[in-house]
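Chains B and C: place on chain A using the hints.
So the protein lines, in turn, are chains A, B and C. Okay, so the first sequence: first residue is 1 according to my numbering, each after it adds one. Okay, so the second sequence: first residue is 1 according to my numbering, each after it adds one. Okay, so the third sequence: first residue is 1 according to my numbering, each after it adds one.
These are computed hints drawn from the structure, not numbers from a lab. Treat each hint with caution, since some may be false.
Only pairs whose alpha carbons sit at most 30 Å apart, straight line, appear in this in silico BS3-like list of lysine-lysine [what the hints assert, rightly or not]:
#	chain 1	residue 1	chain 2	residue 2
1	B	2	B	67
2	A	122	C	203
3	B	29	B	11
4	A	78	C	228
5	C	205	A	122
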Amino acid sequence: MNIQKLRDEAKRALNRKEVKYLIGYQKGSYGFRVSPAFIESKEEVDRLIFSPLCALSLANYLMLEEKLPQSEDKKKAKATKIALFARGCDSRALNQIIAEKGIPRDELYIIGIPCKGVIDLKKIEARFPGVVDFAEVVEKNGNYIVTIKEQIFEVPKEELVADTCKVCQYPTPLIYNKLIGDNVEGYPANYDEIHSLEEKTLEEKWDFWQKEFDSCIRCYACKNSCPLCYCEGCVLDKLTPQWVRRSVDSSENLLFHITRTFHLAGRCISCGECERVCPMDIPLMKLNRKMEKEVKELFNYEAGKDPVSQTLLTTFNLEDPEDFIL
Amino acid sequence: MKNPYMPEIAKIIEIRDEALGERPISTFKVAFQNGHDFNHQVGQCAMIGILGIGESMISIASSPTKKGYLEFSIMKMGKVTSALHACEAGDTISIRGPYGNGFPINEWKGKNIITIGGGIGQAPLRPIIQYILANRGDFGQLDIIYGARTSNDLCFKDELFELEKGKDAKVHLSIDVEEVEWTRYVGFVPDNLLKIKPSPENTIAVTCGPLVMIKYVIKNLLELGFSDQQIFTTLENRMKCGIGKCGRCNVGPIYVCKDGPVFSFATLKNLPEF
Amino acid sequence: MGFFVLQKDKLNDFLASLEEYEVWAPVQNGTTTLFEVIKDFQNLSLDLKHQVLISKSAVFPQTESLFTFDRNAHPQATNLEKKKETIIFGIRPCDAQSFQLLDPVFEGDIPDPYYLNRRNNAILIGIACSEPFLNCFCTSVGGNPFSKEPLDLLFTELDSVFYIEVITEKGKKIIDKTSTLCAPASSDERKQKEQMAHTSESKIKRKIDLNHIPEKLTGIFEHPIWKKLAMKCIGCGICTYTCPTCYCFDIQDETRARKGRRVRVWDSCMFTEYTLHASGHNPRPTRGERLRNRIYHKFKFNIDNFGVVGCVGCGRCITLCPVNVDLIENLSAIKEVE
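In isolation and in its complexed conformation, chain A is listed as follows:
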């Protein structure tokens, strides 16, 4: 993937009168961090980067409430579109949001980027602790070439890539206005990583999750970083009636997470953001992947395949096994 091609495409997108602004990636504030970039004018495109460190889901920003103030000439041109970079998982999130009528397709200008997987920040910071200077990473022949100041290190990809990426079925975007980069083959469907949990007895599973959720601090980072969690009046925040208490204990935490998992059934596209952002390292993807597997087995349905299909739990077909929605 040629970064100059990406920047040129970004420039072209920003040149279009109807594009309000572009969401991409830029260098973070230290070490291996990457930050979202909100670019209004084509003069700023050189800030944009794309590397294995770009682990954020930019699709999340579409549904956050406020938008950038627009420059005067864009306002005159009645800019209505937002341009953004989308990797495979992001594109599926966009498909799902469009299918749910969360945002109209014609409000998006999607620059698709086939993704070979992103690095788990916790892994690379453990491997190279204390790095404050800006570091760069490129992928080459199954390894990551890490450059910190002038020193170069070569690390096998296996060691640093995020676990979610190891089972990614759709690394090449499924929806885009323009594709920058070569097609990347996905892995075949594989749910081995949750096998060991599935094998446990009910008591063992209960103990496992009880212990995990005991450390949850209900910071809601998982909910807020999820591109598909965009309900304006989230049921888990409501006070009248209050479904989940604000007190933080195993029972309420369990209720929060299980409810969220169910609300994502047939909607979660396994981007892994929830697990990435969790400050307590709770393995949230295990829940979501199990749900994904069940949805596939029961309904032969995958989230985010295209922007027009009916969504799973909002449809009722005459062929459905139950004769009513309950």
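Relative to chain A, chains B and C alone:
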């Protein structure tokens, strides 16, 4: 150490409906159970609630000169206020307080007072009126300017109509839109204020109501020649602890529950988020 | 007051011998470190790098029952009498500073008995920071990796021993109780510790001059920069919940049939609902206003009200923010504003 989070229990003696409609307002007269008394100042508030539902910060709508009971005028808005509206005389509520800084009413002795209220905003101004009436000789002229959207939304109608007839105060009521039997001013409260054109000489103006009304009233008062120190208002914000700890009601460096809710315009104009 | 040493492999014994106290310590929890009452000393962890839940939880727990009630009876206050005194062990010097910022909030005209009861009953044992972490910036906010206030004892990890500095009478009491395990420190060990303190400070990589920030902030409240800085923010509560100096809380009633309790829980000013009025009006409707409020609260209003900057430079908000909202970067941007 006294536990500031523990409420006292009080019984509702009487509920008087003030304004009906989508957001009804009722005045609740409550009395403490065990001879406990509040000793509050004019303008202070209390955390009223129902155990099991929650609490809300409501201004005390009666003056400390009225002994043995407290009155609160509450608009049905959210969880707690809806539960209060579902109560009946004889039910118990929880009260914590009194909180806040109150009006500097002692400093106002010998001056003319104008209260300018809009809608439910008249409730925190009522204790000022009651206090003045109980100590009539200590104060100069009293002007009560009060308006609401319709005549059905006016609170304390009986008291105000009574005062209108007497000599203790000048009452200037208004409603926003014409009505068949309304012979008084029709229009917004800030405009009524300009029409009345009170003199700023030795006068204090206190206003409370919707935020937009407060802003215009202050603007008009300044135009009429009132200085920053002559203008007072009482604010509200979302509150939880009432004692300046939970952080919720902060505006700039101050807490509305602890350093307010009464502010002079001199203080207010220096606050960033106002 | 005295300098002692404790053999490193005797640390568990040291803490276990203080059984008449309730001991809070950092505890291993998978890849993170929690802070809780320690039951199994095998889980004690000095991995303070991954310490997400912090010592403030020992005096200001995330969920605290204020009182219980029964429908028709008077509320019953939670019994605040502590049966045991508390030892809070393993406090980083920056987190220790936070107690000094939390104390004036919960004292003041209306003292908070829940916090003060725990705080006044607690003996604070700190661990000096010989290897500051990636985003530490304590020296920029008037702190130091080896600072002593308001600790009672300060442990420094040397090669084979912990060097213990007794700072207060409370701390002395603890050393007296564990006198069989501790030995007086030699002047060599003392020199080692001073040397470490010196080099540790120089290892802090991130710095920022905060000298004129309060004056700067006075003038830029309405500046468009706040919207720009907050664009990345996703509005979660990680920064506030892992911050040692944050203390905002919510009060809620919980019921079950005719019984219930009123609880106090941590809250975050970064949530949209934080300032949402029942009428629907929200004085801080967007992330820009909420981020602005957080920065003003810590770097201006705290100084206005209490005379000290409301940040201890622990760096957790920077390390744990999922989208790289970087406080140091934001403060630098603010300094550049016209």
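Exercise. What are the numbers of the hints the structure violates, in ascending order?
Worked result: Checked against the structure, no hint fails, so every one of them is satisfied.
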